[in-house]
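2 protein chains.
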Amino acid sequence: MHIYDLPTPAVVIDITALRKNIASMADVHPGRRLRPHVKAHKSSGIAAEQEAAGHSSFTCATPREILGLIDAHVGNDFLLANEVLDPHRLSALAEAQDEALITVAIDSPETLAAAHRAGIRSVIIDVNVGLPRCGIAPDKAGALADAARANGMDVRGVMGYEGHLMMVTDRDEKKSRVHDAMTLLAQAHQAVGGDIVSAGGTGTYDMFAGTTVNEVQAGSYALMDTQYAELGHPFVQAMWVVGTVVSKNDKWSVIDVGLKSLGMDHGNPTIKDHSVWFCSDEHTTFSPSEGTPQPIIGERVFVTPSHIDPTMAMHEVAYVANEYGEVIAQWPIDLRGW
Amino acid sequence: MHIYDLPTPAVVIDITALRKNIASMADVHPGRRLRPHVKAHKSSGIAAEQEAAGHSSFTCATPREILGLIDAHVGNDFLLANEVLDPHRLSALAEAQDEALITVAIDSPETLAAAHRAGIRSVIIDVNVGLPRCGIAPDKAGALADAARANGMDVRGVMGYEGHLMMVTDRDEKKSRVHDAMTLLAQAHQAVGGDIVSAGGTGTYDMFAGTTVNEVQAGSYALMDTQYAELGHPFVQAMWVVGTVVSKNDKWSVIDVGLKSLGMDHGNPTIKDHSVWFCSDEHTTFSPSEGTPQPIIGERVFVTPSHIDPTMAMHEVAYVANEYGEVIAQWPIDLRGW
Numbered sequence: 084m085h086i087y088d089l090p091t092p093a094v095v096i097d098i099t100a101l102r103k104n105i106a107s108m109a110d111v112h113p114g115r116r117l118r119p120h121v122k123a124h125k126s127s128g129i130a131a132e133q134e135a136a137g138h139s140s141f142t143c144a145t146p147r148e149i150l151g152l153i154d155a156h157v158g159n160d161f162l163l164a165n166e167v168l169d170p171h172r173l174s175a176l177a178e179a180q181d182e183a184l185i186t187v188a189i190d191s192p193e194t195l196a197a198a199h200r201a202g203i204r205s206v207i208i209d210v211n212v213g214l215p216r217c218g219i220a221p222d223k224a225g226a227l228a229d230a231a232r233a234n235g236m237d238v239r240g241v242m243g244y245e246g247h248l249m250m251v252t253d254r255d256e257k258k259s260r261v262h263d264a265m266t267l268l269a270q271a272h273q274a275v276g277g278d279i280v281s282a283g284g285t286g287t288y289d290m291f292a293g294t295t296v297n298e299v300q301a302g303s304y305a306l307m308d309t310q311y312a313e314l315g316h317p318f319v320q321a322m323w324v325v326g327t328v329v330s331k332n333d334k335w336s337v338i339d340v341g342l343k344s345l346g347m348d349h350g351n352p353t354i355k356d357h358s359v360w361f362c363s364d365e366h367t368t369f370s371p372s373e374g375t376p377q378p379i380i381g382e383r384v385f386v387t388p389s390h391i392d393p394t395m396a397m398h399e400v401a402y403v404a405n406e407y408g409e410v411i412a413q414w415p416i417d418l419r420g421w
Numbered sequence: 084m085h086i087y088d089l090p091t092p093a094v095v096i097d098i099t100a101l102r103k104n105i106a107s108m109a110d111v112h113p114g115r116r117l118r119p120h121v122k123a124h125k126s127s128g129i130a131a132e133q134e135a136a137g138h139s140s141f142t143c144a145t146p147r148e149i150l151g152l153i154d155a156h157v158g159n160d161f162l163l164a165n166e167v168l169d170p171h172r173l174s175a176l177a178e179a180q181d182e183a184l185i186t187v188a189i190d191s192p193e194t195l196a197a198a199h200r201a202g203i204r205s206v207i208i209d210v211n212v213g214l215p216r217c218g219i220a221p222d223k224a225g226a227l228a229d230a231a232r233a234n235g236m237d238v239r240g241v242m243g244y245e246g247h248l249m250m251v252t253d254r255d256e257k258k259s260r261v262h263d264a265m266t267l268l269a270q271a272h273q274a275v276g277g278d279i280v281s282a283g284g285t286g287t288y289d290m291f292a293g294t295t296v297n298e299v300q301a302g303s304y305a306l307m308d309t310q311y312a313e314l315g316h317p318f319v320q321a322m323w324v325v326g327t328v329v330s331k332n333d334k335w336s337v338i339d340v341g342l343k344s345l346g347m348d349h350g351n352p353t354i355k356d357h358s359v360w361f362c363s364d365e366h367t368t369f370s371p372s373e374g375t376p377q378p379i380i381g382e383r384v385f386v387t388p389s390h391i392d393p394t395m396a397m398h399e400v401a402y403v404a405n406e407y408g409e410v411i412a413q414w415p416i417d418l419r420g421w
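Just so you know, the protein sequences line up as chains E and F, in that order.
Just remember that my numbering sits 83 ahead of the position in the first sequence, which is counted from 1.
Just remember that my numbering sits 83 ahead of the position in the second sequence, which is counted from 1.
Isolated chain E, as found in the complex:
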């Protein structure tokens, strides 16, 4: 099958670009220095590519991501980098602890108690390093670790996500602010102990020299999107949502890719050599730039999402294509949900 024969809207992955991105990141952070975040793609097929490049430890945002990777026999060391209180989901993770090393983030006595009650053996202390989201204050991290150890749990270290710095555009300012955030994380680590100091994302992956960070949680680098592309990193676009022109006139064209198949929180998607007018539930209206001919009805159009993570989560399958546009694999987006 060729990508031009796919039912649309279709997630298409360029295997050459994907492998280039994975190799570029593995050069900088080989093996366990990278803990790829699977929330960015939610596909065990992509995780298997990351494992083939040397990474066997993964970051996950939901219990289902961990259980799905175990089912798919990909990876052996999973970090739930998210606070979860649900006793059923935590118990399901606890039951899988003989199959893989599972570590659960905690940032409060309540999340500690929930993990302990479910029988979770290993935790990591999630430390707030400036992003107004999860994470305990750095000066309280040690006491939480002590409480976990008093419950007989293994405290593997600390994590801290500097998500508020991903899109800082000035590189020197960014580096300086990342170092300040990682100094907070290092202080917390002193009090917590353990082997792991985990942080980072695609926007900051090359900012950790001179810090104590020993694993980076980047995810979006594998597929990329238009927002991260602005940062000028070596990663290239490897995923598109392909649509079919279903309607047109002399002013605009319409494809069957709409806001139900695109993450919209970063704004509209882009279409090369075209101007996107707006997205509706099932459609995007667009027109060609000057000098570009209008597509014909039935023509396939490649749409570049502005935010990769939610886009992947909206689709059931990713079609993997080679340089000739031949579909060489179908990877289920099997890690969706919670």
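For the record, the hints were derived by calculation from the structure and aren't laboratory data.
Any given hint could be a false lead.
You can't tell identical chains apart in this list, so a pair holds if it fits in one copy or across any two.
Stated by the list, open to error - In silico SDA-like pairs for lysine to any residue, Cα to Cα no more than 25 Å straight-line:
id	residue 1	residue 2
1	103	411
2	334	192
3	223	370
4	355	226
5	223	378
6	103	174
7	334	247
8	355	270
9	258	359
10	334	225
11	257	170
12	258	160
13	223	100
14	103	128
15	258	99
16	257	410
17	334	406
18	334	215
19	257	213
Given the coordinates of chain E, assemble chain F onto it according to the supplied hints.
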């Protein structure tokens, strides 16, 4: 089970509010005067409530919505109000024509040819009435209908979606512009023939007196969202995404409802008596208004999405609750996908 015991993020539907909305709309547009649009909820459970209120004809945006309703034995007259070229999907619809009346929108010789090749018997001419999206120019509608009839197809009438007018805030201006759009549709209908003149949405449902429109395609009225709520219609919020507070400090709280469980194209969701700071993939950070206490860790929080349609499409199931918060049914969101 109580809604406070659900695994989160969870779509919760207030059955009383849902039935009130459905009854309010059925009062204005009883029976076949309303052709409820299922793209707004993608659940055969909600469609069954609409059928119980007297509506047996439905509007659908995707072949899967039609086939899913047929599988669920809900409705008997389905309009695919969207242009589709995919031969496999059109053939699947054609095969279902003995089980229900299926009518497919066409707006070009290409979409006509695709429907004809697949064996589709009934079509409707989709007419552009001002929204820059699908639909043939009004003055070309008659010729397309003639071509369809020359192919032996039944032309059931016209549809035209005035989506560009849904959010016009001045009622007089809106009514005047809707009437102008419907005059275009009536002119096209003169040339096309057939029994159906289909148009409208929740934003314009009460604007068709004095027009030739004989069925309204509203969908969002059943569940509502914060954008439509601004219009002051009699419909009330009937759906929320319920989250659990998983992290907090003295400045903000974090729930496990993020942009992967919320349609974000209309902006951030709202939380009653609280201010939403921002949404991440799996989280929303928020803080209480003055005088409102901070929630505690583990507390459930009701999030009102800004756009209902894509929100529903992100979830696998809707939990239906009565006035006591007891979960009385689980409706699969079974019409997702294409």
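Hint by hint, which ones does the structure fall short of? 4, 6, 8, 9, 11, 12, 13, 15, 16 and 17
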